Structures are given as structure tokens and as C-alpha cells.
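Chains as they are written, first to last, in this note's numbering: chain A, 1 to 489; chain B, 1001 to 1301.
Hints were generated in silico from the structure; no laboratory data involved. Source: prediction; values computed, not measured. The reader is advised that the hints may include incorrect statements.
In silico negatives: residues of chain A with every beta carbon more than 10 Å from chain B [said to hold, decoys possible]: (1) 59; (2) 103; (3) 131; (4) 149; (5) 424.
Facing chain A, according to a computed beta carbon distance under 10 Å, are these residues of chain B, among others [said to hold, decoys possible]: (6) 1166; (7) 1167; (8) 1175; (9) 1181; (10) 1182; (11) 1186; (12) 1187; (13) 1191; (14) 1192.
Ideal placement from N, C-alpha and C gives every residue a C-beta, glycine not left out.
Listed below are the residues making up each chain.
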Amino acid sequence: MSHPAASAEGVTKRFGATVALDGVDFDVALGEIHAVVGENGAGKSTLIRILGGVHRPDGGVIRVDGEQRHFANPRDAIAAGIVTIPQELRLVPALSIAENIALGDLPVRRFGPLAMVDRARMREEARALLGELDFDPDPRAPVASLGFAERQLVAIAKALRRRCRVFILDEPTAALEKREIARLFSVLARMKQQGTAVIYISHRLDEVVAIADRCTVLRDGRVAAVAVRGVFSVSDLVAAMTGRAAQEAITASLPSGEPLLVAQPDGAATLCVREREVIGLAGLLGSGTSRMIRGLFGAASEPTIVEVNGDKRRLASPADAIAAGIGMVPGERSLGLIMNQSVRDNILLPNLDALSRIGWLNHYAGDRIVAELMELVDIRPRQPELKASALSGGNQQKVILAKWLARRVAVLLLDDPTQGIDVAAKVQIHALIRDVVARGGGALIQSSDLGELARLCDCVLAVRQGRIVAGLDRTAGIDEPKLRSAIGG
Amino acid sequence: MPLISLIVLCAATALLTNRFLSPFNLTNILVQSSIMAVIAMGMTFVIVGGGFDLSVGSTAALSGCIASMVMLDGGIVAGVVAGIIAGAAVGLANGLVIAFLNVNPFITTLGTMVLVRGVVFLITSGAPVSGDTGLPAEFIAFGSDRFLGIHYLVWVPAVLLAVLSFVMHATPYGRRIYATGGGREAAYLSGVPVRRVIASTYVWCGALAGVAGVMLAARLQSGQPTAGEFYELTAIAAVVLGGASLQGGEGTLYKSVIGVFIMIVLGNALNLLNVDSYWQRVAVGAVIIAAAAAERLRSRR
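Generate the whole structure from the sequences, applying the supplied hints.
If you want it as C-alpha cells, here you go:
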């Protein structure tokens, strides 16, 4: 029998007192797409970082083509034919597409002792590699001029050029639209046919079911299940990940109350968030939904005029919006948190004035509130002094929510709050949003996940090119297909 | 970590030369450190807020000269106040340009460093300011006398350290400086008025450079237009030795003061050991780089 393209045998990794991986066996064969799923903190990232040479295992063996390997750094792993395409693509925006693909191994023409970059060959290579991916840009264009999906193709082409045999894709579809996902999948299918091994990390379990030949489920640093194509479903995976059956029922909508927030986010149509109401904004990437959320939080370049509880307010900065009782969960978690500061300091940041008397911060009251909120929103681990950067994505998002819950904001604005978050944390965050609403608050949510909007919202406004073009109401029924056609996706 | 380095440095020096622990030498170290400590505290505000200030040395000279000039006619209090206000004004100018015009702090303060030094030479015609009969005797006494056995010059940073540590750690304003330096956009989206916070850190830095300039004038018994040269570099080195991150968001006042002690003790030790002054520079530069590299290696774990 031939050896697997790459394998991990009994791999263990500890970070301080935390055991991230505990005797994990994993392998991927040539011509196979092997998905790895698990909740945040289950060990997915650690596993792929070990395979990619970022971390060294504390125990166990890594083999490539049956031979034991020790990777000292990512360069060793790439030399062994294992390449990782991370979520944040490591491309140089100012350099051209061709240069990015060739970077690290530029084709040169030699004139005695002199070496000159062979630009013509570099462009030809880039064109050929991208052609295989059905992508035909001008290779001289800077990468900065490309959208995310196209940059991803450039990153893949770069890996193909290195003749890599094992690809690790970390959350590749997190920022892609449906059409782009379909293109990526056809690229992966072709790579598989050509005999490449693909390790596919994703939170989107429907995708995993659609493309994976095999799926390994990690839970608490151990392999909870390995399933082959055809015998697993989304709910099986969720059950294996969480150790319990998934349950997120659509809750009945509550009778809405007085208007909390009234605004014209596109300058024409009126948006109204009432008490006990979740309003959704649906739109394709770049349609302006994120910008509307930022605008309503006073974070746009121009001040916004809104009506909060019937009072006209001019929001020139987030500070104005916060004073008016509005909170926002931004699209990127690095914008919601000060990463090098503690969970405690992050939760207290918008609440400092409320917690101080004559300029003196009441640390005791602060600690109490932080402890209460960490319990309420279930931030793990319960260590208020831990730096925000040390938390998993789902827990970071809970810290951001806790910031605003501590203020008891009237209106919560959410910009794609569950992007890149595992299913269990997603369910918890949805429950927290409903909680805010049930206690008389209102929420306005923008999401790339139309299913999420359909489940969560009482009313969804469809946005195209910065304009609200339609409204769908819960009473008339909201579902993904209806939303998709409303936003033109 | 910085404290351990300081203790090791002192112990090693004490073993190598018995002159190190003499009361005269220790007093000398305290007095030398006092002025730099005041500057380093201001620098800590700026660096924690995510910025950088090269203009403190020139600002200290400006404040010393203005304080001396005003003092000759208007009395000590007016002179001291004028000196500190002059420092704060330079800081405010820096802060406004950096926070509201978004000019790079390195460039802005490089500009003010040169500009302010030029202004100092203009207003003093390049000569020391001490009038015909010298600065007031009480002011000169402040530069050399003691209270409870400790120099007045040493009391100044001691009191400032206590008060300013409280400001940075126990007030909402202080926490906002850390938040702004740690992640400007995230702080903005949490309602922190980041521009005002950033500008304010430069005002602190300028005002404290002003205080240091007045102390320096008292010690030198005149306003010296050339005073304070390279102070900015020593202060930045001290803050970094104290563990602050030039990325912003990290740093502590008392650790910066320990960083100052490390710099001053190091210079003192090299002097006592009769190390050639050219080699002293080489050694100090190497220590700064080594300390910063050690800190990086440590934080990588």
C-alpha cells in the first residue's frame, strides 16, 4: 500500500498548562480532500500549524510520504511540499501579480556574475498558472487591485508553482461570495484530480459535506470522529463537534414596541429598529451594508443624523453613538478589541466613565461587572487578565458583546458577527442577541450568512449598491432563496 | 525584568569598585537620574499612546531658558510656570499636528526638535541666561539643597511618579491612553476620543520636558541654550529598557524610571571603571540593542 501524502501520528502539543492536541492521528492521501472541523479551541489551528511547520509537536511523529520529518519552520514544510494558504493571505499588495507568484524564487537570466530578473518568463509563468485556475488577469497588475477571491487564486497559483503536493486551506471561503465559492470548489476538484492532497479547514459544514472525501472531527484536542463521504451530514458533524445534538430553533418573534432607532442610512429609505426587534441588512460583499452599520455608529467620514427614542441626534463619532445608547460589534474582531490588553480592560473600555467617581476608577465594581458578564456570555477560559489575543474567535466575539451588554445599550449594531466562528459559538451569540432583544432592546444585523438573517431577523432589508431596495417581513416568511434573489446574488 | 537587570548591574558594579556604593556616588546617581526620569515619564505617556517624541531635549532647553529669563524680572514662581507652559505649548503643537493632521510622529517631532532648538538660540542669542547678578538664590538652592536628606531635584520625580502612576492606572483617562496605543481603531469604535487622547500625551510629554528643563536650569544655575542635547535618545532608550513597546499600548511609568536608572548607573559604572569615553558610547549603544533584542526573544515565547 502506498503511504499517505502526509500524516500525523499520535501528535501532542501543549501550550503552558493547556493541552491543545492530545495524541491526534491524521493523514491525507494524494488525490483526496480531507476536511478538519471542530469548535474553536478544538485544536484545528494547532494541527495545521504543526503540519505547516509553525509549531513543533511535543510528542508524536509527522511523516511525509512515509518518511519521518522534523520541521523547524514553515520553510522546511514548504520544501517538503506542504503549503498553507492562510485566511489572511500573505501577499505583497504593492507588487504585481506575477512578482507575488514568483516571490522567493524569481526566475533570472544570468550574465556572467550578474543576475537579472527575467520579467518576461515571470509573466508567462504567472499567466500559465492562473490559466489553470480559469483566471486571466494582466500579470503586471498590482495585487492591491484585486478582490479577495482573486488574491486567493494568486496565493494558490504561487503554491502550485512550488510543486506542492499537500495544500492546507484555512477557512478559504470565509470572505467569499457564492459564485466565488463555486469557482474555488472547481479549482479544488481539479487539483484533486491532478493528485494533490488537500486539507480543508472550515466552519461551514455544508461546504464540508459537499466537497470533502473524508472528514476528521476534533474535540478538545482529540479526534472525536473520522467519517468518509456519504456517511456524514451537517447534523452528524455538529453532534460530533459538540458532543450533543445541534439545536437552534427559530424563536417566535416578540411583539415589537416603540421605535428605538430611526434613520435614513442610504439617504432615502427609512430604517426603523423597534423595541424587541431584530432587523437584518442583506447584501453582497461591497453592497454597502457594512458602511451603513458604521454610519449609524457615527464612524463614517460624515456625521449621521438619527432619531434615538424620538430625539434627533447628530452622530459625529462613535462616542456620540455610545452616549445615545448604541453599541456596535464590528466586522473584524481586531476592530472590536484591543488585542494586547486583557479581557477585563476590553470589557470596561466603553464603561470607564460609568465606573468612576470624580475621575477615580472603581476597580472593585469593574471586577464584579467583568465577572458577571464573563459568566453571562460564557467567555472561556474565565480569566479576566488573559490578553484578548489569546482567546479563540468565538470567545473574542463574546467579549465584544460583553462590552456593550455592560452598558445595557438600547440598540446593538452587528456587522457580520459570526463570520469565521464555529457553530456552537454561533448558537450562543444568536442567543445573546435574542436576549438583548427580549429585554426590550433592538438589534440591527448585517451578515454574509443569509441563513443566519433568515433565522434571526423579524425583518430583513435588501441592499444593492448602497440602496435599500426591498424589505422582507417575518409574517410574509423569510428564507435564503428569497433573500438571495432580493440582493441579486 | 528591568528591575532584575538594574539589581544585577548595581551588584556587579559594587563588586568591581568600592567607590560605587559611596554615599557621594549614590547621591550623584540619584540627582543625575532625577531630570532624565521626569523626561522619561513624559515619553512613557507618548509611547504608551502609540507615539514618539524626539523634541524633548530641545523643549527642556527652551523651558530652562524661558524660565530663567522670566525669573530675572518676574520672580521664581512666574519663571517656573512660564517654563512649564512653554514646554506644554511645544507638546500641544506636536500633538495637534500628529493627531489631527495625521503627520508621522517621528517626522513631526524631528521637525520641532530642530525648530525649537533654533528658537532657543534666537531668544538667547546663543548665550547662557543668568542675568548680571545670577538667578535668584532660592532657585539655585532648589537645584542643590536637600529636604529630609534628599535633594529637592529627587523629590520632583518621586512625587510626579506617584501622581502620574495614579493617572495612568486608576483613571478612565489613563486606561484610554493604553487602549488608544493598543489599537487606535478599536479604541475609536469603543467611544474613545482617540485624537484628543493622542494630542494630550504630547502635552504631558512637553510639560514634563518643561519641568525637567526648569530643574536643569536650577542645577546649572542658568538657562543653557545647548542643554538637553541627546536627552530624547536617552529617554527613549530608558522607556524601551523599561519594557514599553514602541507599537504602543504597553509600558509602565515606574519601569521607565528603572530604565533611566539602568542608563545612568551604566554610565556611572563605566566612569568609575575608567572606561574610555569613546568606548562608553559603544557600550551604551550595544546595551540598548541587546536589551531590546532580549525583550523580543522573551515575548516570542
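If any of the earlier hints don't hold here, list their numbers in rising order. none
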